[in-house]
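The residues making up each chain are set out below.
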Amino acid sequence: MKPIILRTTAVAVVMAGASVAQADDLTLCWAAWDPANALVELSKDFEAKSGHSMSFEFVPWPNFADRMLNELNSGGKLCDLLIGDSQWIGGGAENGHYVKLNDFFDAEGISMDDFAPATVYAYSTWPKGTPNYYALPAMGDANGWFYRKDWFERDDIKAAFKAETGRDLGEPKTQREMLEIAQFFQGREIDGETRYGAAIFTERGSEGITMGVTGALYPWGFKYENTPGSYDMEGAVNSAEAVEALEFYKEFYETATPPGYSDSYMEQGLDAFKSGQVAMAMNWFAFFPGLYADPNTGGDKIDFFVNPPQNQAGSTLGGQGISVVAYSDKQEAALEYIKWFAQPDIQATWWELGGYSAHNSVLNDPGFVDSAPFAGDFLEAMESVQDFWQEPAYAELLLAMQKRVHDYVVADRGTAKEALDKLIEDWTEVFEDEGKL
Amino acid sequence: MANSPADKLAQATPPGIANRVRGLSDRAIAWIFVGPSIFLLLAVNIFPLIWTINLSFTNFKANRNREVDYIGLRNYERILTDEDTWITMQATAHFLISTIVIQVLIGFTLAYLINKKFKGNDLWTTIIVLPMMLSPAVVGNFWTFLYQPQIGLFNYIVAFFSGVDPSSFSMIGEVALAPWAIVIVDTWMWTPFVMLICLAGLRSIPDSIYEAAECDRASKWRQFWTITIPMVLPFLMLAVLFRGIENFKMFDLVVQLTGGGPGSTTELTSINLKREAFEKWRTGYASAYAVILFVTVFGLASIYVKALNKVKER
Numbered sequence: 001m002k003p004i005i006l007r008t009t010a011v012a013v014v015m016a017g018a019s020v021a022q023a024d025d026l027t028l029c030w031a032a033w034d035p036a037n038a039l040v041e042l043s044k045d046f047e048a049k050s051g052h053s054m055s056f057e058f059v060p061w062p063n064f065a066d067r068m069l070n071e072l073n074s075g076g077k078l079c080d081l082l083i084g085d086s087q088w089i090g091g092g093a094e095n096g097h098y099v100k101l102n103d104f105f106d107a108e109g110i111s112m113d114d115f116a117p118a119t120v121y122a123y124s125t126w127p128k129g130t131p132n133y134y135a136l137p138a139m140g141d142a143n144g145w146f147y148r149k150d151w152f153e154r155d156d157i158k159a160a161f162k163a164e165t166g167r168d169l170g171e172p173k174t175q176r177e178m179l180e181i182a183q184f185f186q187g188r189e190i191d192g193e194t195r196y197g198a199a200i201f202t203e204r205g206s207e208g209i210t211m212g213v214t215g216a217l218y219p220w221g222f223k224y225e226n227t228p229g230s231y232d233m234e235g236a237v238n239s240a241e242a243v244e245a246l247e248f249y250k251e252f253y254e255t256a257t258p259p260g261y262s263d264s265y266m267e268q269g270l271d272a273f274k275s276g277q278v279a280m281a282m283n284w285f286a287f288f289p290g291l292y293a294d295p296n297t298g299g300d301k302i303d304f305f306v307n308p309p310q311n312q313a314g315s316t317l318g319g320q321g322i323s324v325v326a327y328s329d330k331q332e333a334a335l336e337y338i339k340w341f342a343q344p345d346i347q348a349t350w351w352e353l354g355g356y357s358a359h360n361s362v363l364n365d366p367g368f369v370d371s372a373p374f375a376g377d378f379l380e381a382m383e384s385v386q387d388f389w390q391e392p393a394y395a396e397l398l399l400a401m402q403k404r405v406h407d408y409v410v411a412d413r414g415t416a417k418e419a420l421d422k423l424i425e426d427w428t429e430v431f432e433d434e435g436k437l
Numbered sequence: 001m002a003n004s005p006a007d008k009l010a011q012a013t014p015p016g017i018a019n020r021v022r023g024l025s026d027r028a029i030a031w032i033f034v035g036p037s038i039f040l041l042l043a044v045n046i047f048p049l050i051w052t053i054n055l056s057f058t059n060f061k062a063n064r065n066r067e068v069d070y071i072g073l074r075n076y077e078r079i080l081t082d083e084d085t086w087i088t089m090q091a092t093a094h095f096l097i098s099t100i101v102i103q104v105l106i107g108f109t110l111a112y113l114i115n116k117k118f119k120g121n122d123l124w125t126t127i128i129v130l131p132m133m134l135s136p137a138v139v140g141n142f143w144t145f146l147y148q149p150q151i152g153l154f155n156y157i158v159a160f161f162s163g164v165d166p167s168s169f170s171m172i173g174e175v176a177l178a179p180w181a182i183v184i185v186d187t188w189m190w191t192p193f194v195m196l197i198c199l200a201g202l203r204s205i206p207d208s209i210y211e212a213a214e215c216d217r218a219s220k221w222r223q224f225w226t227i228t229i230p231m232v233l234p235f236l237m238l239a240v241l242f243r244g245i246e247n248f249k250m251f252d253l254v255v256q257l258t259g260g261g262p263g264s265t266t267e268l269t270s271i272n273l274k275r276e277a278f279e280k281w282r283t284g285y286a287s288a289y290a291v292i293l294f295v296t297v298f299g300l301a302s303i304y305v306k307a308l309n310k311v312k313e314r
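Each protein sequence line maps, in turn, to chains Y and W.
Residue numbering for the first sequence follows the UniProt record's numbering, starting at 1 and increasing by one per position.
Residue numbering for the second sequence follows the UniProt record's numbering, starting at 1 and increasing by one per position.
Just chain Y, with the same shape it has in the complex (with noise of 0.2 Å):
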């Protein structure tokens, strides 16, 4: 402990000389969301210390891919740190949005050692898995389930549900077993209302369905090459399994979703799930702090669960890396910040505030997995992440992805493997006009 405090005070005294020699008004941006509040609330030590003032630009999550990215290739100097996607990665580093950070990471003792491995690999490196670091991880993310534990308890429910399937109402094993449940409260009547199974990400206009189907396409087995970094899809991406998990998905979306349930995403989900409307609901870790805070819905009333494994275990990889913008004509004070960030006091004060700390002094403490009802969850979700493509032109891969899936679940067009052929002839095009193939 005493190494940590005698480097967290290195770090004040310097940030105090920092600070008497120029005093910078940082831009942050990130997601409009629950972890940035947090955010602005651990920031203010960073004020008092550094000397330096934070402004915040938090952009709605329907709109921030498409304002931050439009940011970043203007060269624009809105943002002097970046709280972006994953899957920006190889944009921000090979298009030279993002700086570098290994020289100062060596010379501030900054080791990624210190940080969760998958998160690291997903939200820092490129080349992804190479010591290349464009960012620090910031906030560990997966998609995950919550549901109406107070529900899944009462003996009418419970007694239903065993008659109707001749199993325990439980927390699901499998997907197969979710989707039982979920068709289960599907139009139900309790207390009165009509109630329905899960709510399901199915937007179409950003990344919303992608990121749902995945978290069905990934327990299956889903691989996006034969061979990583070949970029040989065929057989990969519409294996027999892939085929299997879409087609899981559509009857998911056509049997256990309220109606008219065919463009949601976050908000939505969050909605279903608080009106009382869904007994279990998909949605990011990010977001469980403030539902299990939640006055009617949450306290004793929810509990949350891991994706289920189908063929193995498997979760979509969510959450951000802090990047230094290269257009920032703030960089020193960025990179002070990035610094006081990284402190495992600092992290382990995030993690209380309602951010996740990928540091494994906090993941690995021992008061960790009973710090909340949820981080079991979070560390056993982060051990079977995986990512959508991180590639620089990952906007096209992902739109394509958004428009070939939800054709298929939601218009009902054409057959699961005919959707998954038409994207690996998307995904082909990208690469060649990328030069890849």
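Heads up, a few of these hints could be off.
Here are the computed distance ranges between Cβ atoms for each label pair [as the list claims (entries may be wrong)]:
1. R78(W) - T415(Y): 16 to 26 Å
2. R66(W) - L353(Y): 39 to 49 Å
3. G414(Y) - I303(W): 28 to 38 Å
4. L105(W) - D412(Y): 51 to 61 Å
5. L379(Y) - N45(W): 16 to 26 Å
6. F298(W) - Q22(Y): 50 to 60 Å
From the derived model, a few chain Y residues whose C-beta atoms are all more than 10 Å from chain W [claimed, not checked]:
7. D25
8. W61
9. G96
10. N102
11. R167
12. L169
13. R188
14. F305
15. Y327
16. E332
17. K403
These are computed hints drawn from the structure, not numbers from a lab.
Built from N, CA and C at the ideal position, the CB exists for glycine as well.
Go by the hints and put chain W onto chain Y.
Just chain W, lined up with the frame of chain Y:
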């Protein structure tokens, strides 16, 4: 001694400037006046058009710092042979034709009724034109609530008259209904515009023509088909032209309502173009797409305007 404003201005002009202007020809003075407008037109309209045509032959991506290659007609070939392009074109054509037919029918009927003199005529006119004064983004958001299967008023009204369960159908979530959902909203919003143009046409018909027809004992039905319709037709055609051009580039309302979904069911050409240009950043490809759309609209509009002029000449 002349005292007109022009004379006063001439007297007030300093001799130096007056001498210089006096030496210029009429043509030169004309160029001085129209020059800035022509320059602006070239800078704002013509240059971007030429630049877009130039980009359409390249693989340029505005978000990538890499060498740009000229790839000939590859972008055009890709677009025109892409099955999805034609699905998008079909969706646009469906939207365009449906909205124009319905809006013209309802707009003309409303104009015909409003043109009759009755108490509260002005008040009703004001109420009818209210929707077109709203922002399309607001209208889109507003109607997504009305179309909500569980709480939406629209579904409850349909349920009231048809007896179906209101939550059994989703106007913006079902492939069969979503195209009609956007047609209904566009009709609600823009029929008043068609009505106003038709009303102008109806009010431009001199009463003396109807009086002469009455003297000839022409029936009301005959008056309608031989006087009203032919004389309003140029106005109707103008309304169709305006609505056609507007709806061909329809974007905001549909984005708010369906976002192009479900799947690609309501993905109109403008939405597709925006995705290619500003989400995928395929600038060269999007430029080719824009050129194709420009040629289509320009070609159709030119043919239509010629037809309109022929009708006017009759």
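Verification of the supplied hints:
1. Checking the proposed 16 to 26 Å range against R78(W) and T415(Y) shows it holds: the Cβ atoms sit about 25 Å from each other.
2. R66(W) and L353(Y) have their C-beta atoms about 42 Å apart, which keeps the hinted 39 to 49 Å range intact.
3. At roughly 36 Å, the beta-carbon separation of G414(Y) and I303(W) lies within the given 28 to 38 Å, and the hint holds.
4. Roughly 32 Å separates the CB atoms of L105(W) and D412(Y), a value that falls outside the hinted 51 to 61 Å.
5. Hint check: L379(Y) to N45(W), Cβ distance near 59 Å, so the stated range 16 to 26 Å is violated.
6. Range check, F298(W) to Q22(Y): about 56 Å between beta-carbon atoms, so the 50 to 60 Å window is met.
7. At roughly 28 Å from the closest C-beta of chain W, the C-beta of D25(Y) stays outside 10 Å, upholding its exclusion from the interface.
8. Every C-beta of chain W lies more than 10 Å from that of W61(Y), the closest at about 14 Å, which supports listing it as non-interface.
9. Not every beta carbon of chain W lies more than 10 Å from that of G96(Y), the smallest distance being close to 7 Å; the non-interface claim is violated.
10. At the 10 Å boundary, the C-beta of N102(Y) stays outside the reach of chain W, the nearest C-beta of that chain being 21 Å off.
11. No beta-carbon of chain W comes within 10 Å of the beta-carbon of R167(Y); the shortest separation is about 29 Å.
12. With a minimum CB-CB distance of about 25 Å to chain W, L169(Y) clears the 10 Å threshold, and the non-interface call stands.
13. The claim that R188(Y) is not at the interface with chain W holds, since no C-beta of that chain comes within 10 Å of its own (minimum 14 Å).
14. Residue placement check: F305(Y) keeps its beta carbon more than 10 Å from all beta carbons of chain W (closest about 27 Å).
15. At roughly 13 Å, the least C-beta separation between Y327(Y) and chain W is larger than 10 Å, which holds for a residue marked as non-interface.
16. The claim that E332(Y) is not at the interface with chain W holds, since no C-beta of that chain comes within 10 Å of its own (minimum 25 Å).
17. With a least CB separation of 6 Å from chain W, K403(Y) falls inside the 10 Å interface cut-off, contrary to its annotation.
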